[in-house]
Each structure stands twice: as C-alpha cells, then as structure tokens.
Amino acid sequence: MELKFEEDLEKAAIPFFREKRLLCSWRVPLYDRVIDLVAIDKESNLIGIEFKLRNWKRALEQVRTNLNAFDYGYVCLPGGNYLNRLLKKAKQLGIGVMIYNEDIRTIKIILEAQRVDPQWIPNVEYIKNYVKVRGISYCQ
Amino acid sequence: MSIENGQCLHIVLFGTFGENKYFLGSYKESFDIIGFNANIIAHAPEGMAAFISQLSKKSYFIDPQTHAFQQPTRTIMRKSKDDKLVVKKSISSLANKYGSAIEKNVGKNQIFAGSLIEDEIEEICKNTLLFEINKIQNSVENLEEWEFLKDTGIELRPEFLVAPYFYLEPDNLDMDLEDNMKFLNKAKSIVSSSDFPCKRDIFAELIIHKEVLFDSKKISAVIDKYKTCIPDGFLIWIDDFSEVSVSEDALKKYKNFLIALGQYNKPIIVMHGSYFSIVLAGKNLGHIAGVGHGIEYGEHRDVIPVGGGVPRAKFYFPKFHKRISYHPDTQDVLLEKKWIKDKKTYLNHVCKCSICQETISSDVVSGIQEYGKTKIGKDGKAYPTAKAMDKSRRHYLNNKIEEYHRCSILPISKIINELKASQKIANEIKSHTFNHLRKWANVLES
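Going down the list, the protein sequences come from chains L and D. Under my numbering, the first residue of the first sequence carries the number 1, and numbering increases by one thereafter. Under my numbering, the first residue of the second sequence carries the number 1, and numbering increases by one thereafter.
The hints are simulated quantities; they were obtained by calculation from the structure and are not laboratory data. This structure is a prediction, so every number in the text was calculated from the model and none was measured. Be a bit skeptical, because a hint or two may be false.
Straight-line distance between alpha carbons at most 30 Å, and here's what the computed DSS-like set of lysine-lysine pairs gives [unchecked claim]:
id: 1; chain 1: D; residue 1: 378; chain 2: L; residue 2: 132
id: 2; chain 1: D; residue 1: 338; chain 2: L; residue 2: 89
id: 3; chain 1: D; residue 1: 57; chain 2: D; residue 2: 210
id: 4; chain 1: D; residue 1: 430; chain 2: L; residue 2: 52
id: 5; chain 1: D; residue 1: 430; chain 2: L; residue 2: 91
id: 6; chain 1: D; residue 1: 79; chain 2: L; residue 2: 128
id: 7; chain 1: D; residue 1: 343; chain 2: D; residue 2: 373
id: 8; chain 1: L; residue 1: 128; chain 2: D; residue 2: 378
id: 9; chain 1: D; residue 1: 343; chain 2: D; residue 2: 387
id: 10; chain 1: D; residue 1: 414; chain 2: L; residue 2: 57
id: 11; chain 1: L; residue 1: 132; chain 2: D; residue 2: 387
id: 12; chain 1: L; residue 1: 89; chain 2: L; residue 2: 11
id: 13; chain 1: D; residue 1: 266; chain 2: D; residue 2: 255
id: 14; chain 1: D; residue 1: 150; chain 2: L; residue 2: 128
id: 15; chain 1: D; residue 1: 255; chain 2: D; residue 2: 150
id: 16; chain 1: L; residue 1: 11; chain 2: L; residue 2: 57
id: 17; chain 1: L; residue 1: 57; chain 2: D; residue 2: 255
id: 18; chain 1: L; residue 1: 128; chain 2: D; residue 2: 58
id: 19; chain 1: L; residue 1: 128; chain 2: D; residue 2: 387
id: 20; chain 1: L; residue 1: 4; chain 2: D; residue 2: 381
id: 21; chain 1: L; residue 1: 4; chain 2: L; residue 2: 57
Computed footprint of chain D on chain L, listed as stretches where at least three residues anywhere in the stretch have a Cβ under 8 Å from a Cβ of chain D [what the hints assert, rightly or not]:
id: 22; segment: 22-31
id: 23; segment: 61-68
id: 24; segment: 121-133
Example chain D residues on the side facing chain L (calculated, C-beta under 10 Å, incomplete) [said to hold, decoys possible]:
id: 25; residue: 72
id: 26; residue: 74
id: 27; residue: 332
id: 28; residue: 383
Where is the CB? At the ideal position from N, CA and C, for every residue including glycine.
Please work from the sequences and hints to get the whole structure.
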C-alpha cells in the first residue's frame, strides 16, 4: 500500500494490532488533544499510539503530551533515514517505536516502550471510561 | 490618586463582561487601577457605565486604541453571516466617535503616520479625549443608578487621559514618533483649554515593536523624542514581549529602556507584564509605577489580535511565576516533584492560596483536577469547564495580589534570592523548563 495520508498508515497497521489481539479505539479525546489510537492488551495495559508519515519529532511530542494517561506510549511511522535520531530521542523519553516497512507491508516494534510511572490517575480513568462507554473491539 | 514610580500599582485590564465578578467581588480592593479598551466602551457604553458605577471610586483609564486604525484592515474585520467581510462592530462604533478622518477610512484604508493633515490630527485628538473624559459619565447619567449617584458628588471620569497614538514600527518610526508628538502636544493644549470638561493628566501610550526595543539607536530616538513635550505619564506595551520567553539580553534592553524613560520623572505604567515587571515596580527599584494584566491572561500581548482559538486550561505556578498548560505540564511537574503526596506537601511546595486551601483535599490529585476539567463542545473540541476556569482564575488572582504585595515590601536582594532558589528547584524538573527565573535574577542583579 502506498502511503499518501496518515490514514493509509493507520489502515496498514490494523492487521498488526489484530494479530496482537489488541482492543482498539480510534480518535480518543483527552483535554484539548485527540489520541490517534488507544489500545488495551491482554494484561489490560493501556497503550497510546500516534501515527505520522514524516514528522517524527511531532509524533514523539504528541505521545509525550499524553503519556501520563497510559501504561505505554508508541509512535508509528514508515521507515526513513531519521530512524537513528528517532530511536535515540524515543529511548530518552521512554516511548516505543513501531515502524511500517512499505516493502513487506508489515509493522515491527523496533523499540519497546518503557512502563509509564508515575501516571496521572484521573487521566487513566478517563481514558478507560471513555473507551468503555464508546465501545472497544479488536482492531478493524 | 497620585501615580508615582515605585508604587507597585496593581493594574487589571478588563477583557469581557464575563469577568465582571472578579472586579466587583472581593478582589476589588486589591486592584489599584482598571484599564478598559475604548472599543468595548464605544460598543456598550451604558453597560460599561453601569459596571463602572458599581466600582464606585475605583480609578480607571481608557486605552483609546487609535493604533487599531493603523493595522491592516483585515485585522479589524470579521465575516458576516452572508460571508462578507465587515468591520467589527465595536471598532466601527469607535471609528464613529473619533471623527471623519478615521470614519471614512475604517475597513477601507490603513491610516499611516504622516498621512494626516493638521486639522485631522486636531479632530482625532479632540474627539478621542472627549470620548475618554465624557463617555462613561454621560452614559451613567442615562441610567437609573444616576438618581442615587448624583447626590454623592461622585464623577465617573477616568484617572488620566491617554493621547491618541500610532504603533511604533521600525519601518515608519520617524513618522510614527512625529505624529505621536503632534497628538501629545495637541492633547495637552486641548485639556488645558477652558472649555474642556475637567482637568486631567495626559499620558502618552507607547506601543513598541520588539525590533525598535532591540535597536539601540531606534529606542534612543523614541526616548529622546519626548524631551520636546513631556507627557504626565507613560503607558508602555511592547508588542508580543513575553518576559518568561525572551532572552536575557532582551530583558536587559527592556529594563534599560524603562530606566532611560525614567529620566523624565514621570510615572510609567507597563500595560502587560509579568512578575519581572512587578519587581521593577517595587519600591526598591522603582523603575515603573505599576503593571497591568488581565484576568488570568495578558501578561504579554500581540498588538494584532491573532484571533481567539480554543482556550486551554492553564495553571499558575506561583513558585515559578508562570502559567503552564494544565495537561500535561502541570500534571507532569507535580508528578515529577511528588508534590501531590499529601495536602501538606502541596500547600508547602505549590500554593497555599485560599482557593487551593479549599480545593485540595487529602486526595490531592482529585483536587488539582478541579483546575483542569474540560468538556467537549459542540464542535468536538475540549473546553475548560466554567468551574475549572473560575477556580484557576481565582487561584491566579490570589497569587498575583500576593506578588504585588511582596514586591512592594520586600528588599530586592530577598526577591532575587527567591528567584535563584526557585530556579534551583526548577533545574531538577525534566518535563518543563523555567529558565526565565535565572534570566530574571541576572538582569535584576545587574
């Protein structure tokens, strides 16, 4: 799939999340921001994921902004020559990195996120409640 | 009321009618002067008169906002229901008051310094000053309240008048200054004439582009210009000059400018300033008379409105003298410093104002959450709730009142030491930078 828009990357990532058996909810508002994807794993960990086609710094900033509402935060981007810089900065921030390989059309986690500690509990509760009320299902 | 440098006057700028309660309630006694924009008075004179009458003897002034007509016309226009560009109602009302030279051009042509003939300068001057001195008084006489007020002898006229002015831009500075001097000279002669309703001091308002401030020749030219006609006071507004964001060099230039302007021994009021300016207004330094701000905003302001946007919940950190976003900055700083451990820790390290005392319970996080609650609007965007805005405004005002009070009594050495101590604490914080504290301390010490 040729990636023209951020939505193309999101669509391309769906099989990966489905395979991982993650419960997903797209576009979750938190204060004046909207989180691209909120996922819940088998251990009930709350994961926030931001998608970007190019601007990796902006992607990291968006995840960092909402990080205290999650157990883990990830950015998801296509590969590029920025990878080393992205990994270095992401590691400092404790943010995980998922890379979409356009040739083999798969997502791979190349840097595991560190568990967020401490969290802002009202934000965590808000997200959990929001996705519960709205409904959450396996990624589609 | 006499206005002098070193008085540390607390000046609050009125924004919208929604803020009335903060001016009329328990804060009223803590504010020394209230500043109003002329356009809001032109647009709703009786409403404003009724409001000002409730402030009883509180001093006020009106910014005539003549620079609005100098800006690109698009900045004073709005889109009408049928998608046409029309002049904003309040600006149009103001243009009607200031006479034909402005009225015929509003929304069509920018009025530049150098383009006005002498008669037009006189007309603008006279109309502006009459508007400032009479508008509220005449409007209150139409209200029912006048029955009660007229016997008290109270007159609702401003504390001082502000001469019309142009915004001082780097590319047209000579002309801007030349016409500002004409306005000032004319204003002085109009007010001293026997047919003017009553005597008042005339202040010169200097709205200055940052490039002018940073250019030593240009800023000297501005200061020197007033040798030929010294106003009774100065209102200063540096366009988009955020004291918490600018460089140390910029702060030095700002301080030096105020000191140099002080050669005229006239009161200087900074229209939009933060704690740094408040310190400059304290009796120790005495460089300026007072500092203005809005109700939880307006410590710096752009001359050209950048247009609303979604208001974000913010929280004022008294220790750092800065408003930062509620999410994530305030939350992250509190988490990182563990200042939410218990109520005592919060009150000791963050804030012990009356609103925090009442809002923060043993569950500190739930209490703090009261300052940042948002609700999703019809447009799908998150807005701070009315309760959250009210709490954070009161928390802000409580701390501002404390800042003015402390700066008016504390020795400068103690203030600088406090800034250094706060910087030390801030240095340990990774999630947000507060480097302005170090810059402020350095510049205040120099």
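Checked hints:
1. 378(D) x 132(L): holds (21 Å)
2. 338(D) x 89(L): holds (25 Å)
3. 57(D) x 210(D): violated (36 Å)
4. 430(D) x 52(L): At roughly 25 Å apart (the allowed maximum being 30 Å), residue 52(L) and residue 430(D) satisfy the hint.
5. 430(D) x 91(L): Distance ~15 Å between residue 430(D) and residue 91(L) Cα, so the pair holds.
6. 79(D) x 128(L): Roughly 41 Å between the alpha carbons, so the hint for residue 79(D) and residue 128(L) is violated.
7. 343(D) x 373(D): holds (20 Å)
8. 128(L) x 378(D): Between residue 128(L) and residue 378(D) the Cα gap is close to 22 Å, so the pair holds against 30 Å.
9. 343(D) x 387(D): holds (21 Å)
10. 414(D) x 57(L): violated (41 Å)
11. 132(L) x 387(D): Answer holds: residue 132(L) to residue 387(D) is near 26 Å, not above 30 Å.
12. 89(L) x 11(L): holds (26 Å)
13. 266(D) x 255(D): Satisfied, since the Cα-Cα distance of roughly 16 Å is no more than 30 Å.
14. 150(D) x 128(L): At roughly 62 Å apart (the allowed maximum being 30 Å), residue 128(L) and residue 150(D) break the hint.
15. 255(D) x 150(D): Violated - the C-alpha atoms of residue 150(D) and residue 255(D) are around 44 Å apart, more than 30 Å.
16. 11(L) x 57(L): Between residue 11(L) and residue 57(L) the Cα gap is close to 22 Å, so the pair holds against 30 Å.
17. 57(L) x 255(D): With Cα atoms ~36 Å apart, residue 57(L) and residue 255(D) exceed 30 Å; violated.
18. 128(L) x 58(D): violated (50 Å)
19. 128(L) x 387(D): holds (24 Å)
20. 4(L) x 381(D): holds (26 Å)
21. 4(L) x 57(L): holds (19 Å)
22. 22-31: It holds: at least three residues are needed, and the segment 22-31 of chain L offers 3 whose Cβ sits within less than 8 Å of chain D.
23. 61-68: Per the Cβ count (5), the hint holds.
24. 121-133: holds (count 3)
25. 72: Status violated, d = 29 Å.
26. 74: The hint is violated - residue 74(D) has no Cβ within 10 Å of chain L, the shortest such distance being about 27 Å.
27. 332: Constraint on residue 332(D) satisfied, holds at 6 Å.
28. 383: holds (8 Å)
In terms of the numbered hints stated before, the structure departs from hints 3, 6, 10, 14, 15, 17, 18, 25 and 26, listed from lowest to highest.
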